[in-house]
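Colleague: The primary structure of each chain is shown beneath.
Protein chains: 2
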Amino acid sequence: MKINDLLAENHRSMQRSEIRELLKLTAVPGMISLGGGLPDPQYFPVERIRVAFEEIMETDAVAALQYGTTEGDNVLREELVRRYQALGFRIKLENLVIVSGSQQALDLLGKVFINKCDTILCESPSYLGAIGAFLSYGGELIDIPMDSDGISLEELTSSYEALKQSGRIPKFLYLIPDYQNPSGIHMSLSRRQQILAYAYENDILVVEDSPYREFNFEGERLPSLYEMRGGKDIIHLGTFSKTFMPGLRIGWIIASEEIIDRFVIAKQNTDLCTSPLTQKIAALFLQKGWFDDYLEIVKREYKVKRDEMIKALHEFMPEEVTWFEPNGGLFFFINFPERMNATELLKKAIEKKVAFVPGSAFFPFGKGYNHARINFSYSSIENNRIAVQRLASLIREEMASI
Amino acid sequence: MKINDLLAENHRSMQRSEIRELLKLTAVPGMISLGGGLPDPQYFPVERIRVAFEEIMETDAVAALQYGTTEGDNVLREELVRRYQALGFRIKLENLVIVSGSQQALDLLGKVFINKCDTILCESPSYLGAIGAFLSYGGELIDIPMDSDGISLEELTSSYEALKQSGRIPKFLYLIPDYQNPSGIHMSLSRRQQILAYAYENDILVVEDSPYREFNFEGERLPSLYEMRGGKDIIHLGTFSKTFMPGLRIGWIIASEEIIDRFVIAKQNTDLCTSPLTQKIAALFLQKGWFDDYLEIVKREYKVKRDEMIKALHEFMPEEVTWFEPNGGLFFFINFPERMNATELLKKAIEKKVAFVPGSAFFPFGKGYNHARINFSYSSIENNRIAVQRLASLIREEMASI
Numbered sequence: 001m002k003i004n005d006l007l008a009e010n011h012r013s014m015q016r017s018e019i020r021e022l023l024k025l026t027a028v029p030g031m032i033s034l035g036g037g038l039p040d041p042q043y044f045p046v047e048r049i050r051v052a053f054e055e056i057m058e059t060d061a062v063a064a065l066q067y068g069t070t071e072g073d074n075v076l077r078e079e080l081v082r083r084y085q086a087l088g089f090r091i092k093l094e095n096l097v098i099v100s101g102s103q104q105a106l107d108l109l110g111k112v113f114i115n116k117c118d119t120i121l122c123e124s125p126s127y128l129g130a131i132g133a134f135l136s137y138g139g140e141l142i143d144i145p146m147d148s149d150g151i152s153l154e155e156l157t158s159s160y161e162a163l164k165q166s167g168r169i170p171k172f173l174y175l176i177p178d179y180q181n182p183s184g185i186h187m188s189l190s191r192r193q194q195i196l197a198y199a200y201e202n203d204i205l206v207v208e209d210s211p212y213r214e215f216n217f218e219g220e221r222l223p224s225l226y227e228m229r230g231g232k233d234i235i236h237l238g239t240f241s242k243t244f245m246p247g248l249r250i251g252w253i254i255a256s257e258e259i260i261d262r263f264v265i266a267k268q269n270t271d272l273c274t275s276p277l278t279q280k281i282a283a284l285f286l287q288k289g290w291f292d293d294y295l296e297i298v299k300r301e302y303k304v305k306r307d308e309m310i311k312a313l314h315e316f317m318p319e320e321v322t323w324f325e326p327n328g329g330l331f332f333f334i335n336f337p338e339r340m341n342a343t344e345l346l347k348k349a350i351e352k353k354v355a356f357v358p359g360s361a362f363f364p365f366g367k368g369y370n371h372a373r374i375n376f377s378y379s380s381i382e383n384n385r386i387a388v389q390r391l392a393s394l395i396r397e398e399m400a401s402i
Numbered sequence: 001m002k003i004n005d006l007l008a009e010n011h012r013s014m015q016r017s018e019i020r021e022l023l024k025l026t027a028v029p030g031m032i033s034l035g036g037g038l039p040d041p042q043y044f045p046v047e048r049i050r051v052a053f054e055e056i057m058e059t060d061a062v063a064a065l066q067y068g069t070t071e072g073d074n075v076l077r078e079e080l081v082r083r084y085q086a087l088g089f090r091i092k093l094e095n096l097v098i099v100s101g102s103q104q105a106l107d108l109l110g111k112v113f114i115n116k117c118d119t120i121l122c123e124s125p126s127y128l129g130a131i132g133a134f135l136s137y138g139g140e141l142i143d144i145p146m147d148s149d150g151i152s153l154e155e156l157t158s159s160y161e162a163l164k165q166s167g168r169i170p171k172f173l174y175l176i177p178d179y180q181n182p183s184g185i186h187m188s189l190s191r192r193q194q195i196l197a198y199a200y201e202n203d204i205l206v207v208e209d210s211p212y213r214e215f216n217f218e219g220e221r222l223p224s225l226y227e228m229r230g231g232k233d234i235i236h237l238g239t240f241s242k243t244f245m246p247g248l249r250i251g252w253i254i255a256s257e258e259i260i261d262r263f264v265i266a267k268q269n270t271d272l273c274t275s276p277l278t279q280k281i282a283a284l285f286l287q288k289g290w291f292d293d294y295l296e297i298v299k300r301e302y303k304v305k306r307d308e309m310i311k312a313l314h315e316f317m318p319e320e321v322t323w324f325e326p327n328g329g330l331f332f333f334i335n336f337p338e339r340m341n342a343t344e345l346l347k348k349a350i351e352k353k354v355a356f357v358p359g360s361a362f363f364p365f366g367k368g369y370n371h372a373r374i375n376f377s378y379s380s381i382e383n384n385r386i387a388v389q390r391l392a393s394l395i396r397e398e399m400a401s402i
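So the protein sequences, as listed, match chains A and B. In terms of the numbering used here, the first sequence is residues 1 to 402. In terms of the numbering used here, the second sequence is residues 1 to 402.
Do not take every clue at face value.
Where chains are identical, the list cannot tell them apart; a pair therefore holds if satisfied intra-copy or between any two copies.
As the list claims (entries may be wrong) - Quick list of in silico lysine-lysine cross-link-like pairs, DSS-like style, CA-CA up to 27 Å:
no.	residue 1	residue 2
1	Lys347	Lys288
2	Lys367	Lys116
3	Lys92	Lys232
4	Lys24	Lys92
5	Lys164	Lys232
6	Lys116	Lys164
7	Lys116	Lys2
8	Lys311	Lys353
9	Lys2	Lys92
10	Lys2	Lys164
11	Lys232	Lys2
12	Lys347	Lys2
13	Lys352	Lys164
14	Lys367	Lys352
15	Lys303	Lys288
If you are wondering where the hints come from, they were derived from the structure by calculation, not from laboratory data.
Just need the whole structure built from these sequences, with the hints factored in.
Modeller: Here's what the structure looks like:
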């Protein structure tokens, strides 16, 4: 039997990514990988996790180990709703559904909205997991250039108008306004206003993916797109994978009741429910204020790591290499000289025991070959410094040879 | 904005199921629901779960709370592979991927194989979660009648030939050979041989969904389709949701490396990974032999529950009501007189504080209106008996009035 002949069209083009295969090679002793977007596990509140687990086993073991509802654990939903209400979101329980990590939210967006050949607007670059999820439903990504204030209104306008003229109205506009992955760019207030006004005028559904919002190291807190529009025609995605622990596999979607209802129907066919056990751990952390305690610690520590990485970049990188210095989030986006190819560089970097994600992973059409995303949250300050040093020395070698 | 206009075609037709909405009404005091397919939580090994959790926090906390690989926790995979090898499966690590409950396996089947309007062959009736998952990718289900030996070879042959003549080669044949949900039918050895021979001759990919296999209360253990074909062109699905605890959200797929590779790529875009925490709990239970201890207990208890429900059915049901008495699994499939409609009956049953799943939920085209699936694993023996009594008395009332 030729399995290849049986594959769904949308799936056939999906390949094991070359970059992912390269990053698999990083599981060797001495390697310092700046490739992932992982939290630093040294701060995981293991003792409190133990206490929370014991409390759940004492009071609620059966519900934790049995099937749960598709919508999610009600205590967790209530805690999240309360938290968002305090931030200015006008939402109630029916506006929030729990998902199995925010990657599932991206998959469900595809399931609910994307027909084969539908167009989706996104930032250029954008999150590789979103690109993968939308492509898996046959969506076509139209990536819109950004400047230091965020996605460009002019570029958005011209892309949207061109699509409209060819009769291809995009399904939605996918944005990561806060400390964008991978660019690190924080969308300015005036840009938020402009983009929302344009979306409103043109009846464009906006998806606001916001994993890094809580990691604002400095500058005033800008309102989320969801708050600014009072939730109208906005889908907001949140997750505990960066601010808490990815092993729990918990994210959530906030939207109108009508849209949440569609996500619940889609999730029912996808995985029935998210683990009630991990949801109850998260709920208890919110109830006890332990999540905020933890967040305060990691936010402070990640800020120090970012500052130290800026120092290392200045100290070691050749002049021709530049980068964006983010006010929050988990990443630096590095620009190599145009003659360099970051995927080729990664192969050599792995030999030198340092890894990163080449920029092309973040563009739907393989642009960005001379960029790299490096993460500063996962490794220690010392290892981040060594990694930057190794990378800089490799870049100097490369620059000398090409 | 009209959200309805934005929906994907495959998703637009998905509605909140009437039956699911009715079953939501069963969360009231005094209700006895035979509707779900839930394990009895009184046997959940909570003390050992606590011990396992403590051990994980002591020795492996960081890996349990961090991102895991898409393929799944290697200890859990190794334990499962060893278990299947002992049963006669010729597999290695690369033949098994962990999924977030076997509903995710059904969703991934859709993602990997189903184009809009592809045909899928299944038993009639079949598992409602599989029907929902395949429909959500635009698949068209062709349900093949069963007899007491399983899916009918004659009916399969005539359906397949008819499809082939119209140029619509089915993507796969979806079967639940062991104590089928909802019918309870256990496919006989000779039928297994016949169906596999037919599938082999015609190059038909077979999906063997096997959640109830371990619940064989009597009779000899029949080989699985996967064993019988040495794994060739068979996809085998397993889960801990029935034999262990659904709250862990753990299932798995066994297939050729080539097929597993496709599932891994698809899962990557779907939820990145299944919770390492819940996987490590399950792995430890397998390693320590605690899973087998637990399985022995529930298998014994569920057999008693089945026996007691047979008694109650004989004692209370009117003569015109018949049922299949299964040798394993978790369900009875009840046949009402043809003039009765089980969905209508459910509305009245809920008032009488008893619930079940109407048969039409298990047929892709709303057949089976005069059937009901009742579960015997979840409620206590006493409550099962009361539920059957309530249901029988309602049926007598209905039969007298129509």
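Colleague: Hints the structure violates: just list their numbers, smallest first.
Modeller: 1, 12, 13
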